[in-house]
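Q: Read off the chains here:
There are 4 protein chains.
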Amino acid sequence: MKKINKIGILTSGGDAPGLNAVIRAVVITATRQYGWEVVGVHKGFEGLLEDPKTSLVHLELQDVISILQQGGTILGTTNRGHFVFSKDHPEELEDPAVATQALQFCKDNGIDALVAIGGDGTLQIAHQLEKKGLPIVSVPKTIDNDLLGTDYTFGFDTALTTATNAIDQIRTTASSHNRVMVVEVMGRDTGWISLYAGIGAGAHVILIPEIPFKLEPILKQIAWRDSFGANFTIIVVAEGAKPEEGDAMYLEEREEGGMARLGGIAKWLVNQLKDRCGDHDVREVVLGHLQRGGSPTASDRVLCTRFGAEAVHLIAQGRTGTMVSLRGTAIQATDIWKIVARQKFIPYNGDLVQTARGLGICLGD
Amino acid sequence: MKKINKIGILTSGGDAPGLNAVIRAVVITATRQYGWEVVGVHKGFEGLLEDPKTSLVHLELQDVISILQQGGTILGTTNRGHFVFSKDHPEELEDPAVATQALQFCKDNGIDALVAIGGDGTLQIAHQLEKKGLPIVSVPKTIDNDLLGTDYTFGFDTALTTATNAIDQIRTTASSHNRVMVVEVMGRDTGWISLYAGIGAGAHVILIPEIPFKLEPILKQIAWRDSFGANFTIIVVAEGAKPEEGDAMYLEEREEGGMARLGGIAKWLVNQLKDRCGDHDVREVVLGHLQRGGSPTASDRVLCTRFGAEAVHLIAQGRTGTMVSLRGTAIQATDIWKIVARQKFIPYNGDLVQTARGLGICLGD
Amino acid sequence: MKKINKIGILTSGGDAPGLNAVIRAVVITATRQYGWEVVGVHKGFEGLLEDPKTSLVHLELQDVISILQQGGTILGTTNRGHFVFSKDHPEELEDPAVATQALQFCKDNGIDALVAIGGDGTLQIAHQLEKKGLPIVSVPKTIDNDLLGTDYTFGFDTALTTATNAIDQIRTTASSHNRVMVVEVMGRDTGWISLYAGIGAGAHVILIPEIPFKLEPILKQIAWRDSFGANFTIIVVAEGAKPEEGDAMYLEEREEGGMARLGGIAKWLVNQLKDRCGDHDVREVVLGHLQRGGSPTASDRVLCTRFGAEAVHLIAQGRTGTMVSLRGTAIQATDIWKIVARQKFIPYNGDLVQTARGLGICLGD
Amino acid sequence: MKKINKIGILTSGGDAPGLNAVIRAVVITATRQYGWEVVGVHKGFEGLLEDPKTSLVHLELQDVISILQQGGTILGTTNRGHFVFSKDHPEELEDPAVATQALQFCKDNGIDALVAIGGDGTLQIAHQLEKKGLPIVSVPKTIDNDLLGTDYTFGFDTALTTATNAIDQIRTTASSHNRVMVVEVMGRDTGWISLYAGIGAGAHVILIPEIPFKLEPILKQIAWRDSFGANFTIIVVAEGAKPEEGDAMYLEEREEGGMARLGGIAKWLVNQLKDRCGDHDVREVVLGHLQRGGSPTASDRVLCTRFGAEAVHLIAQGRTGTMVSLRGTAIQATDIWKIVARQKFIPYNGDLVQTARGLGICLGD
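Chains as they are written, first to last, in the numbering used here: chain C, 1 to 365; chain R, 1001 to 1365; chain A, 2001 to 2365; chain H, 3001 to 3365.
Misleading hints may appear alongside valid ones.
Claimed, not checked - Mimicking BS3-like on lysine-lysine, the simulated pairs with C-alpha atoms at most 30 Å apart in a straight line are:
id, chain 1, residue 1, chain 2, residue 2
1, A, K2267, A, K2344
2, R, K1220, C, K267
3, R, K1267, C, K267
4, C, K274, R, K1087
5, A, K2267, H, K3274
6, C, K53, R, K1002
7, H, K3267, A, K2267
What the hints assert, rightly or not - Residues from chain H that face chain A, not an exhaustive set, calculated with beta carbons under 10 Å:
id, residue
8, D3015
9, L3019
10, D3168
11, Q3169
12, R3179
13, I3211
14, G3263
15, H3289
Calculated directly from the structure, the hints in this document are not laboratory data. Keep in mind it's a predicted model, so treat the numbers as computed, not measured. All C-beta atoms, glycine included, are put in the ideal place defined by N, C-alpha and C.
Given these sequences and hints, build the entire structure.
A: See the structure below:
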């Protein structure tokens, strides 16, 4: 095991609350406990391909002293870049030269190991670079909570809180106007935010990507609520929820560059429902980027701090090629190869779904 | 002056945080201080045209004991109804019979006077009914703060707070991704929410209906911020802001039944800016109905309580045909005829606009 | 297994955010999914000794429809009562007759099983009553998070959030005035709130009951921060933290009826530190009852809802004598006899403590 | 009128949310709109007596770019110092040499005018320095809102919000336990925070310094609430509220260096009430320093920004010896000599007090 003198740290992929809290924990633990130097890499992995004079920044205690509470990342982040995976061989980089270049960059700049904070894309890149010889520990970030190998990712609790508070706020006005309100939350492939926030805010319909939905049960739920005078209905829908009928027009319209467009499903639902549920006004609110920002919740701050400290310990112990993870109340390490390029879906028969059904929440099926 | 035994109370028009706080203050003050009976009228003025068995509800202390903190209105509200004003004679009801019917309803049900909580539409109806002989005191509600005759309407402070907090949250993520973020807030004809929230959250561009905007100054502001490395820009736009160029296509597309469509201007701006500001991603967030709900702020709760109490005192003193109003630190009464059917715009040369300019905020002109 | 027709539900011990959310989940799940009747018992177990006419309340859907977001408990709660345990045989009730009476009450009122929401005291009583023949499922409630058998209790996340937000707020003013601020949080025997909130809010000293503290390391930490110009220090102290020196005077003064007095340790610390840390003003803030109230966080609402639903399922399956529990991401059942009358302490060598030390936080030892 | 090249800015007295927002507005407006240099003075007026190398800091755009949302003050503040007023001639400085020294400091360091952000003490010092020839504009800061010459001071809305939210939180737990809760808020001489927060949070008893209170009406209010089953009572008390009976022991015990001790009145009340109101537990919560910190509310941020901009304009116009002030919706200037050394009390017969009485709130008289 090589002696560590200097480590790099980068934040990659979509923004999530708590990135700065992880950076802070890494910097303090690495410098105070181990006496290492820490350099920040700007703009994620892309920074490893650029001029170190602008893409590297030396990080000391004073640089991180007041960032624990701040959303965003002082290092910046990018969603895509040169680290694109091949369409034919999805586990290999389209251009293997970028990996070689990144390794050379680290060697040239004395970076002995890397902490990479990010989601599934980050894990894939980290996996490639580790295989080529760059020691990396990853930290599981995504508001979507859809990474395997950890009970929870950081950022999820804050996004969930933002969504729940917003639904609380929409609820009172829905009730005043007897409205059907469609609230679209994040979740392209999985329904973690929608199911948690929907349960947490007392929604009446929750639509998640894991369960293709029909309109009929939704209309029934609205009618049922009307029948005893409740007179308003809150529908929480994940951005990636899909109608079972497979309305081709809809899907075409909604997609943009292979991705669900924010607000697409909410608008589609409003159009489908508006003339079919009596007198009710049907309106949508698309929370969108609100869910990626803001000061992390107390729980997320603690999780980020534990994750960041553990990432440093793992490097010190030579246990790289891993992702820090939460299991119950313990912080552990998971081998990246076991979890890379897979997603954590909501179990169809798990207690969460059963709890929702038992409460009479319509899941669209 | 007729002796008062029973008063009615109704909430009308769009939802606003604090309606319940006014209802509570009216009910407690009227019953405890004056010994009157209070009945709530469901669904605004429409309730005066319906069956009293379902549209009236007797209100006592225990009915309002825990509603101070709750958004929405326990009486329900409607945006439109039979109280439509004539297109040819905009100060007269299209169908004068509805006024007669409403008066008869009050007489039949022993309602000696009415507290009408609402915005400009409410004031117009109240003005008509008062002229026909029904004593009414109005309470100025609108998150838009665009009523004349009062320094502030209730609901505005809460909507402003929701918008400011949301922009705070968007700010960190805009910075992490070097984005231009367009945040659309309420304000069809006036820019109170956008100007206050924009200043309060440190926005870089604020677009308000009172000042038609051009794209050029906005692009300049983005470029200027790039020039010193700020690299992200927050644009706050009122739903009713208008491009000076008078883009006909845009206006057509945006309108729906004579009303700006929520999200219309935000989407238009994103499309206009996205290929003209360098590498920046340009994204929108439409806060929409979020701003109408939620627990009222401390300030709004106090204002609502003072307004509600004063409305009752005014009835007791026979000073109807008035609207309660805030002037400096004092609660007063304003004659409705002086302010009805007019709007309070942001003064073009007032200190608010000057302050924004002095801070280097771009107002689009 | 006896057929269930009617179940009782009660809330016992100190208040905690989320009690109402559990009640709601129990009532909806029991009535909708199983068709049972649910009765609420007022004021905890004491209600089983009183007149059922006042202590029982029939609970239906409409009674719980808007309580998910509300702190407190619609059933009321008591801290102590007739269910006192013997001093000589701490596992037996001082007066066994109260158990007999409670069982008879349930039989008389057709209560086939009970959901008891509470902390360690509740578990002890539940354990006794179950042994005598009353089927009971417990739900682990305590803001202190010190129950064994579950990863987390409900109420903890909300209390932690309240404490963290408060410390955030105190931090800015401590910095402006170069102050040493002592913030006392709940935690009579364990330091869960203090350690989590201290880490989450970036405290510089955290004192927990599990680690007796000395003044010297605290003074050193203050001096160290001064040495590089930080000039203020945040000390988070659990109400039950104890000085190692065993200052007899202090202990005597602090205790009141066998319990630490709120504010006792904070005041003692201020007095000890105030003349020994240079120019710094030393001030205290005692959060106290603030931490027991308020709307539960999103996470707590979800946890409460899952706990409540599971409690009902366990009764349906005849698996009583259990406590619902969270293990990782799963909701499970734990046998009460395995965990009753014991406490969950912070592991001295766990990652939480190590993380704190690695960050340079002083733990007083 | 002398040409301005450089201005100084300082923050003085107790901390208040929004100090940084004012600093930001002053720096941006002075540098961008007028092209002046701005220097910050550390630790209030004391900084004018110290070594400029450490007490002065050059402030540019980038120094204030992200402080709008932050509580506290980047310049630090002190409560007292060498600017003490004579006991015999309370309008004159005990040591006039400090004023001379401060003026010389400004001359030596090219400071042409000063923006002094503070409360009554600050106004007094500013008044003295202006009379000796240093042009000063003051900005009215105090969470207590007790300055004459302005409708509101900044910091008040945030403190009020903190207090109101805390009372909301305490309310649910008071209700669960049938408690009498005494919540002490700031307000040494005036009851602005207590009366506003008490009304805003629906308190049942509000005790303010302007109205000496008796215990009898409080006990009556508790009993009255018990009589219809409300069973809990929230008492909000200003730190400076006084019992009419003039309990000498109490007053002696409570005072410390001429100042009410935080928590003094709350503890006294708990002791007086605890055995005299039936079964109720009586508990206290002392909010204390919580109210001075935290991110300013949206309203406070706007007010601070307008105040800061106006302070700069006034200097540019040579209108010094003034305090910026809010009057209705307008920002104006008030001559300091008209308002210095006086306090704004709650009008005994104003609508606020009348509203409280009309709602059945007990004011202790």
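Q: Hold the hint about D3168/H up to the distance rule: shortest CB distance to chain A must be less than 10 Å.
A: The hint holds - D3168/H has a Cβ within 10 Å of chain A, the shortest such distance being about 7 Å.
Q: Taking only the CA atoms, is the gap from K2267/A to K2344/A under or equal to 30 Å?
A: 27 Å, holds
Q: If you take the shortest Cβ to Cβ gap from R3179/H to chain A, is it below 10 Å?
A: Result: holds, 9 Å to nearest chain A Cβ.
Q: Check whether the Cα positions of K274/C and K1087/R lie no farther apart than 30 Å.
A: Since the Cα atoms of K274/C and K1087/R sit roughly 28 Å apart, the hinted pair holds (cutoff 30 Å).
Q: Can you verify the interface hint for H3289/H: is its Cβ closer than 10 Å to any Cβ in chain A?
A: 5 Å, holds
Q: Just to be careful, I want the Cα atoms of K1220/R and K267/C compared with a cutoff of 30 Å; is the pair within it?
A: 33 Å, violated
Q: Going by Cβ atoms only, is D3015/H closer than 10 Å to chain A?
A: Nearest chain A Cβ about 4 Å off; hint holds.
Q: Given the proposed pairing of K3267/H with K2267/A, does the C-alpha separation stay at or below 30 Å?
A: Holds - the C-alpha atoms of K2267/A and K3267/H are around 14 Å apart, at most 30 Å.
Q: K1267/R and K267/C: Cα distance at most 30 Å?
A: OK: K1267/R and K267/C at ~14 Å, within 30 Å.
Q: Do the numbers back the hint for G3263/H, that is, is its least Cβ distance to chain A under 10 Å?
A: 8 Å, holds
Q: Are the Cα atoms of K53/C and K1002/R separated by 30 Å or less?
A: 83 Å, violated
Q: With the threshold set at 30 Å, check whether the alpha-carbon distance from K2267/A to K3274/H stays at or below it.
A: This hinted pair holds, its Cα atoms lying about 22 Å apart.
Against the hints set out earlier in the document, violations occur for numbers 2, 6, 13.
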